[in-house]
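Residue numbers (our numbering), protein chains in the order written: chain A, 1 to 243; chain B, 1 to 299; chain C, 1 to 366.
Keep in mind that the hints are not guaranteed to be accurate.
[What the hints assert, rightly or not] Chain B side only, calculated, beta carbon under 7 angstroms to chain C, not exhaustive: (1) Met79; (2) Leu94; (3) Gln109; (4) Asp183.
[Stated by the list, open to error] Just the calculated beta-carbon pair ranges, DEER-fashion: (5) B/Trp155 with A/Asp234: 32 to 42 angstroms; (6) C/Phe46 with A/Arg83: 57 to 67 angstroms; (7) A/Glu119 with C/Ala120: 33 to 43 angstroms.
Since the hints were made in silico from the structure, they are not lab data.
Think of the CB as a built atom: it goes at the ideal place given N, C-alpha and C, for glycine as much as any other residue.
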Amino acid sequence: MSAGPESDGENLLQIEDLTKSFGGIRAVNHVNLTLSKGELRCLIGPNGAGKSTLFSLLSGLHKPEAGRIVFKGEDITFLPPFRRVRKGLCQKFQTTRIYRGLTVNQNLLIARRDHDSSENGPLSWALKTLGLDDQGDRLAGELPHSAQQWLEICMALATLPDLLLLDEPTAGMTPDETSLTAEFAINLNAQGMTIFVVEHDMAFIRQIARFVTVLHYGCIFAEGTLDQIESNQDVRCIYLGEQ
Amino acid sequence: MSFAYLVSLLYQYADNIAFLLLAALGLMIILGVINVINLAHGELIMMGAYITTLTYHHIHLPLPLCMILSVIIVGLFGMFLERTVIRRFYNDKLGALVATWGIGLILSQGFLLLLGPSMQSVPLPEWTVSFGAYSFGGYRLLLFAIAILVTLGAWWFFYNTRLGVQTRATMQNATMTQSLGVDTGRIYLLTFAGGSALAGLTGALYAPTTTIVPLMGTTFVDVAFITVVVGGGANPIIGALTSSALLSMVSTGLSAAMGTFIGRIGLLIAALVVIRFLPQGFSGYILDMKRRRMAREAE
Amino acid sequence: MKRNRIFEILPLLNGPMELGQGRNFWILFCLFSLVLFGYALVGSVFSLSNLAIFFAYVPMGLGLGLLWGYGGVLSFGQAAFFGISGYVYGIVAGNLISTPGGTLLAAACGVVGTMTLAAAFGYFVFYGQVSGWIIPLLTLVLSLILETFMGQTAGYQWRVGSVLLGGYNGMTGIPSLNLGSLQFSGATVAYYLLVIGTMLIVYLGLRVLVNSRYGHAVAGVREDPERTRMLGYNVNLIQVQVFTLSAGLAGLSGVLYVSWGNYMNPSSMGLLAATLPVIWTAVGGRNSLIAVLISTVTLRYLADALAVRGGEYAFLILGALLLTTMLFFPTGIVVSLARRWHVWRKRDLRMPSSIPAETNQEREDS
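This is chain A alone, in the form it adopts within the complex:
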């Protein structure tokens, strides 16, 4: 499928004919998708459409039955997850999996691995913007839920990614927090970070207002700008049922 309109033209991620089944269900069904460098792409679809599975294939938690994933020109289809992170592909998971018993600083220390903190502009900016830069000595488990989500995003940023996968980053957030997160994503993308977001919250999607991919029963159902998708009758149907 075509690349989004706001891009440098260079393909960061190519998904070719990717397929994955669980039990008898084809969760991801011959998906083809391309992401350009510097893009901010949203992935939406009804429950069970296969969005999380697609992400788990990208981060390496699962291996596909067919197809391939090319990242920065390299075939990473069967690469172990930790190597993908080292290559610059990092996912922020749907359920927060921060180290609850460690402080914020310690969480970030682990996420940084060998990188020097002063080299990571996006991370420093993110910590300040999300209000985490003065929470360094607080136990991660004591943070409010939204702050935990933001900490997890910061940890992903600490790995110096070229592609950031966000799996439902606003789950459990209030509308204000959701709006803040959307603003954050836009600004992060403006600094050059390629972001791929899975979200249910349409308010979030609308605020971002970029290129959208719709997944349904494991297949790409539609792709287009936000306006195109919103006015697409078929997309309405899959969300609201046949009318």
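We have chain A; now place chains B and C onto it with these hints.
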């Protein structure tokens, strides 16, 4: 290599399988259902042996009755352990491991202090079967038969009785089973009691064949642990059968060729190799294969 | 350059991953160290020798504290690695008895040899990503097999070079470590100083390690291995590394032990011996290095005292102690006391990050 020699190898193979099955089955059932490793398992076996021996020498009951007494008493003791200690470690496998190790120490050292370093054994029933130039102990053949019967009995229990089905359900999804009205606490209690009773049975059965010392449990757990590791906790019966079949092959073969000690090292190495490639043991692998087959058929 | 490195290490020494930080702790620590060293001037050779052997076990205990408390892996293998190191040392030192520096080479062989075996064992276990209970079981089996094997190596045919393995009675006549004419045998002040020094260096070194970035990664592996994997860490490799290091520390204790007693026998690798490091670590509190150090020395001292009048009760008491600790003091007795001390002094109620906020029982098993 004469035919009689092959028969003697077969006898040793059966003997080894019996030993592994009887030593490990109770431990594997407890692991499979409750997700807990009972490191006092060896001491429960030891208790079974001691009870049989004591009742035989002091109360002069016939041997089979002494053994039944062992099973009952060790089973009840298992219930006691479950209620007092094991219950607190349902979600803490390693904690249960360490705590039961403490219990095992108390038991073995306690028996040492109370009953001394050794005890006169129960006499071994004198049955021999001859084949060619070899004669085989009939008692150990009986043990093989009992081992198979007990395993099949456990299988029958898990698949054909209401309690057994409930136990399997608890094993697969305890929360769900509980919300369907099954008293999972009772299931855990009975499972631990059952596993302990099996340990008691093992001790009782092998009491005539070995010296009765407080640390005798270690000879059993030595192979029991390996059997458990190779079998995996996914399905105790399948795991116990496949694991003992394979491991006995390794140990019988190596022992015949290079001595019993190499046989034991061979078991440890076999275990390391198996878990490297089948981390969930045989039963985990078989379960995996089954699921994949079902998935393919569903398409 | 060098100045910078030292200043980088100092904060690591006092970091959040270990119990005991701040001025008061370090003052106490320095005081105790001075007392320990000073005792060498005052104490009789006999009492020095007795004390030294207690401290010689500390590296082994700390190794398990690192592996279990910080790494989350329970191993019963410390005694096995202790013994292997001792036997290898005995073999090499015995054969190189007339070679200058032979004992030092033997010490290196002992520690490296045991670490190699540990790495091989670790490869099979950690790269398979097995369940947590597999390692305690397999390390127990390893101990049993080693004890049985070495127990039946009596007789002249069981020798390496000119050194007899000795069977059940063990290897005797193992030469002590020596540096030229300086002998580090059991009844010397030199040995006592060597052991104290080693113990302190190991403790301080481990403090730096657990507070370093690598140490935090190890804690991350303990808390949530999958998460740590998804942050780019080769978790399997880290686990093998920590396992190997822990075995190396046990090997270090093994070398110190044979230098003290000039013998090594199979019971040092057996089941009961395998239990001891687990008891020290559990009773003290596996998540804190200083707690493990204290409980190792204390329990070894108690066992020694018991041996004189009632040695047969020793393991019964240890078993009861272990059970009691697991039931009522799951974070360890020393650590629980420290927690109460913090609360009593109404200071910072937060425990060091090495100690999980909730005990294992409150956590869902993974």
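Results for each hint:
Of the supplied interface hints, the one on B/Met79 is violated, with its beta-carbon coming no nearer than about 18 angstroms to a beta-carbon of chain C, more than 7 angstroms. Interface restraint check for B/Leu94: the shortest CB-CB distance to chain C comes to about 5 angstroms, inside 7 angstroms, so the restraint holds. Checking B/Gln109 against chain C by beta carbon gives a least distance of about 4 angstroms; that is within 7 angstroms, so the hint holds. Annotation: B/Asp183 was flagged as interfacial toward chain C, and the flag is violated, the nearest CB pair being 21 angstroms apart, outside 7 angstroms.
For B/Trp155 and A/Asp234, the hinted distance range of 32 to 42 angstroms is not satisfied, since their beta carbons lie about 53 angstroms from each other. One distance hint, 57 to 67 angstroms for the beta-carbon pair C/Phe46 and A/Arg83, holds here, with the actual separation near 58 angstroms. At roughly 38 angstroms, the beta carbons of A/Glu119 and C/Ala120 sit within the given window of 33 to 43 angstroms.
Hints 1, 4, 5, counting from the list given before, are not met by this structure.
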